[in-house]
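K.L.:
Protein sequence lines, in the order shown, are assigned to chains A and B.
Using the numbering used here, read the first sequence as starting at 1 and increasing by one per residue.
Using the numbering used here, read the second sequence as starting at 1 and increasing by one per residue.
Derived from the structure by calculation, the hints contain no laboratory data.
Some hints could be false.
[As the list claims (entries may be wrong)] Taking lysine-lysine pairs in the BS3-like style, the calculated list, with each CA pair at most 27 Å apart, reads:
#1 A:K98 to A:K68
#2 A:K60 to A:K98
#3 A:K52 to A:K68
#4 B:K62 to A:K98
#5 A:K68 to A:K49
#6 B:K78 to A:K98
As the structure is a prediction and not an experimental result, all values here were calculated from the model.
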Amino acid sequence: GDSVTQMEGPVTLSEEAFLTINCTYTATGYPSLFWYVQYPGEGLQLLLKATKADDKGSNKGFEATYRKETTSFHLEKGSVQVSDSAVYFCALRPNDYKLSFGAGTTVTVRA
Amino acid sequence: DARVTQTPRHKVTEMGQEVTMRCQPILGHNTVFWYRQTMMQGLELLAYFRNRAPLDDSGMPKDRFSAEMPDATLATLKIQPSEPRDSAVYFCASGSGQPSTDTQYFGPGTRLTVL
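From just these sequences and the hints, can you work out the full model?
P.N.:
Written as C-alpha cells, this is what we have:
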C-alpha cells in the first residue's frame, strides 16, 4: 500500500543552520505530497504541498520538490530559527481523501 | 481567523468509562476527519465524513468507537467502554472542497488518558 518513510529524529540544530529532512514514498499512481508541521500543544498545520512531479512547494522559507524519479520529497530550509522547533510530518495522498503520514521528525533549534 | 475547535483539550478517565470528544469544524466546511496520534502508530485516520454522512470508518474499532455528525457544526467521537490502549491524542480536521484536492485543517486535539 501507499506509505511514507521519513528521516528519524530528533534533529538538533543551531540557529541559522541548514535543515534537511528526508522523505521518500511508495505509491501507485501519482499522489499529492505534503509537509505538515506540529508546534508543541497544537494540531497539525499544512506547511507546503506539491501535486505533481517537479512541482516545488514553498512556505515560510521551507521548500520541497516532488521528485518522481527518486520518489522523494525532502524538506529544506536554508537558515532555521528557534521558532522552527516543531515536529514535521511528510504525508501523501493518492487520488482520494486519505492522507498517509510519516512517523514525524522532531526538530529542535538552539539559540 | 477560522479554526477547528475541539473539546475537551485534555481528558483523564478510568477504564470502562464512556468518553465523548467534540469537534466544531470550520464554518462552511463539508468534510470532517478524525485522526488518532500515538507514539507507536503515529497518525491514523479513524473516520471520514462528507456532508455529515460517514463515508469511511474502516480505521475505527467498531466494537467500542462510534462517530457521528448530529449537525453541520458538530462532530462527535465516542468510546464506550474506554480502555488504557485508547490513550492517545485525537485530532479532528475539516476541509472545504473536493477531499482529493483540498487542505485539511486540524484542530488542537484532545489528549485522552485512560487509567
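K.L.:
Each hint needs a verdict: does it hold in this structure or not?
P.N.:
Evaluation of the provided hints:
As the CA atoms of K98 (chain A) and K68 (chain A) are separated by approximately 20 Å, the hinted pair is consistent with the 27 Å bound. Between K60 (chain A) and K98 (chain A) the alpha-carbon distance is near 26 Å, which keeps this suggested pair within the 27 Å criterion. This hinted pair checks out: K52 (chain A) and K68 (chain A) have alpha carbons roughly 9 Å apart, not beyond 27 Å. Distance check on the hinted pair: K62 (chain B) and K98 (chain A) sit about 19 Å apart at the alpha-carbon level, within 27 Å; holds.
Pair hint K68 (chain A) plus K49 (chain A) holds up; C-alpha atoms about 14 Å apart against a cutoff of 27 Å. Of the pairs offered as hints, the one joining K78 (chain B) and K98 (chain A) holds, with about 22 Å between alpha carbons and a cut-off of 27 Å not exceeded.
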